[in-house]
Amino acid sequence: MESEIQIRDLTITYGGRHHVVAVNNVSVDIPRNRLTAIIGPSGCGKTTLLKALNRLHDIKEGVQVRGHIVIGGEDIYQSRLPVFELRRRVGLIGQKPYPLPASIYDNVAYGPRIHRRAKGGELNEVVERCLRQAHLWEEVEDRLDSPAAGLSVGQQQRLCIARALAVEPEVILCDEVTSALDPLSSQKVENLLRSLREKYTMVMVTHILRQARRLADYVIVMYMGEVIEAGEAQEVFGNPRHEKTREYVKGIMAGA
Amino acid sequence: MNRRHLEQQVALCAMYGALVMVVVSLLLIIGVTVLRGGHVLVTRPEVVVTPPGPRYLLGGGGGFVHAILGSLYLVLPATLLASGIAMGIALYLQSDYTSRRTAGAIRNLLDALWGTPSIVYGMFVLTILISLQQRASLLAGIAALTLLEIPIIARYADAAVQAVPPMAKETSYALGTTRWENSQVVIRYALPGIATGVLIGLGRGIGDAASVIFTAGAGNNMPSGLLEGVTALPVLIFQQASSFYPSVREQAYAASFVLIVIVLVLNVASRLVTNYFARYIPGGR
Numbered sequence: 154m155e156s157e158i159q160i161r162d163l164t165i166t167y168g169g170r171h172h173v174v175a176v177n178n179v180s181v182d183i184p185r186n187r188l189t190a191i192i193g194p195s196g197c198g199k200t201t202l203l204k205a206l207n208r209l210h211d212i213k214e215g216v217q218v219r220g221h222i223v224i225g226g227e228d229i230y231q232s233r234l235p236v237f238e239l240r241r242r243v244g245l246i247g248q249k250p251y252p253l254p255a256s257i258y259d260n261v262a263y264g265p266r267i268h269r270r271a272k273g274g275e276l277n278e279v280v281e282r283c284l285r286q287a288h289l290w291e292e293v294e295d296r297l298d299s300p301a302a303g304l305s306v307g308q309q310q311r312l313c314i315a316r317a318l319a320v321e322p323e324v325i326l327c328d329e330v331t332s333a334l335d336p337l338s339s340q341k342v343e344n345l346l347r348s349l350r351e352k353y354t355m356v357m358v359t360h361i362l363r364q365a366r367r368l369a370d371y372v373i374v375m376y377m378g379e380v381i382e383a384g385e386a387q388e389v390f391g392n393p394r395h396e397k398t399r400e401y402v403k404g405i406m407a408g409a
Numbered sequence: 004m005n006r007r008h009l010e011q012q013v014a015l016c017a018m019y020g021a022l023v024m025v026v027v028s029l030l031l032i033i034g035v036t037v038l039r040g041g042h043v044l045v046t047r048p049e050v051v052v053t054p055p056g057p058r059y060l061l062g063g064g065g066g067f068v069h070a071i072l073g074s075l076y077l078v079l080p081a082t083l084l085a086s087g088i089a090m091g092i093a094l095y096l097q098s099d100y101t102s103r104r105t106a107g108a109i110r111n112l113l114d115a116l117w118g119t120p121s122i123v124y125g126m127f128v129l130t131i132l133i134s135l136q137q138r139a140s141l142l143a144g145i146a147a148l149t150l151l152e153i154p155i156i157a158r159y160a161d162a163a164v165q166a167v168p169p170m171a172k173e174t175s176y177a178l179g180t181t182r183w184e185n186s187q188v189v190i191r192y193a194l195p196g197i198a199t200g201v202l203i204g205l206g207r208g209i210g211d212a213a214s215v216i217f218t219a220g221a222g223n224n225m226p227s228g229l230l231e232g233v234t235a236l237p238v239l240i241f242q243q244a245s246s247f248y249p250s251v252r253e254q255a256y257a258a259s260f261v262l263i264v265i266v267l268v269l270n271v272a273s274r275l276v277t278n279y280f281a282r283y284i285p286g287g288r
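Protein sequences, first through last, are from chains E and D.
According to my numbering, the first sequence is numbered sequentially starting from 154.
According to my numbering, the second sequence is numbered sequentially starting from 4.
These are computed hints drawn from the structure, not numbers from a lab.
Cβ coordinates follow ideal geometry from the N, Cα and C atoms, glycine included.
Just so you know, not all the hints are guaranteed correct.
Said to hold, decoys possible - Ranges between beta-carbon positions, derived for each pair: (1) S299/E to N111/D: 20 to 30 Å; (2) R47/D to D295/E: 56 to 66 Å; (3) E294/E to V264/D: 40 to 50 Å; (4) N111/D to H221/E: 35 to 45 Å; (5) R103/D to D228/E: 22 to 32 Å; (6) E294/E to Q187/D: 56 to 66 Å.
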């Protein structure tokens, strides 16, 4: 297994009056160009771990991140690259879609524009390619100039994925991306994620066990801020080594 | 009819009562200005385009275009300036560099400034004018109105910016935006709320007499430069209404009516602009 992301001795604490250790001394590898699912009961630190991968904790007061995260051979917390360049390489899709208050076209074009990666006719190509990649092109090609807010929530989520693809990331983080969607839209987004996993290293947090079973190549199981098991999806689901994983996979772990 | 139903009916009646009171007062205000000043605008519509004649306030004839222009020259630049400064304050308050305690202290300060009577702003700027040995001028009036409007617009902009969902900011950061680019995204999301604040600031500025009476002046001259005095409509209305001459007093109502129309036009115009942008905002219309 060729790993894209190496996490070493990662500890994340929320400061303030209630000192909470959200991620406790985690070391784990995430494979390249495959879909890795982080699963575990609510409050086990899945999302906190995910957001450390593109330094989103930097923008919050009182969050301490200690340890090392190496992405593509570079320690992102020691890197001399500006943080916005790191974040361009590691995209994030959120739980709920928040399209920019602009047209469909401008939403996808926003990233390439700020990074000065494309302009003019080239930009039109990028927008079309990303919308096609996000399985959205056919539904919106005749109304690219209309407001993104007019799309359905499921379409907005795919638009947000297209927007993230447009900055040419290497890693895509997905934080419970189907939790705000109806079953049909969820299925479309799942198909989309499946089609992306060969080109991108994908890390997905999900609380839906079946979704992880359907999509994941590789699975990381977290419990109370620690990684208790990590391995190929078939092994983790078929033959879990850790007792808690067994309970969780059977669906009897508290809070699952 | 049981007790809970009765409670509901009483509350409903109270709400209707409040609504009726507000609507009736509004109609009365507009009605009185139209009844007492309307005929001036009908029989002598030229008052809104003619400058005041000699001894205008003593019944010397002429119109009050100097005050209409004066008000616009005062309030438009002041609102523009105040909006710019207020946006800076609002972005600073939500910035990741600002601690929650500092932000709280600044918000309290802004609230205190909001509640400060406008005559105090006028006196403050007047003190500066005196120490610089300057006369009342358009520039000084703009300064006083800007100070008056900043806390209002800043608090509205702050509330609008705070209402932007944190996840919207995160996903924007995840595209690789710098903090500055992210601020621009946040402003786009918050635009309808900010526009409301600007309108309310503008309304306060255009209706205020106390802050400009000493700073901008109260002469009968046409506005002629940044360092020359100008008269604002509310100041003129105050002067006209305290005149001995009935023909001048009724012009006060005509001037009031013009003031109401200006506010209404600015209101509708900015609403149209805001609604256009609101179409693009998720959850907007």
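Verification of the supplied hints:
Checking the proposed 20 to 30 Å range against S299/E and N111/D shows it is violated: the Cβ atoms sit about 43 Å from each other. Our hint of 56 to 66 Å for R47/D and D295/E holds, since their Cβ atoms are close to 57 Å apart. Remark: the range hint 40 to 50 Å for E294/E to V264/D is upheld by a beta-carbon distance near 47 Å. For the hinted restraint 35 to 45 Å between N111/D and H221/E, the CB-CB distance of approximately 42 Å keeps it satisfied.
Between R103/D and D228/E, the C-beta spacing of about 31 Å keeps the proposed range 22 to 32 Å intact. As the Cβ distance of E294/E to Q187/D is approximately 28 Å, the hint placing it in 56 to 66 Å is violated.
Consistency note: the structure conflicts with the earlier hints numbered 1 and 6.
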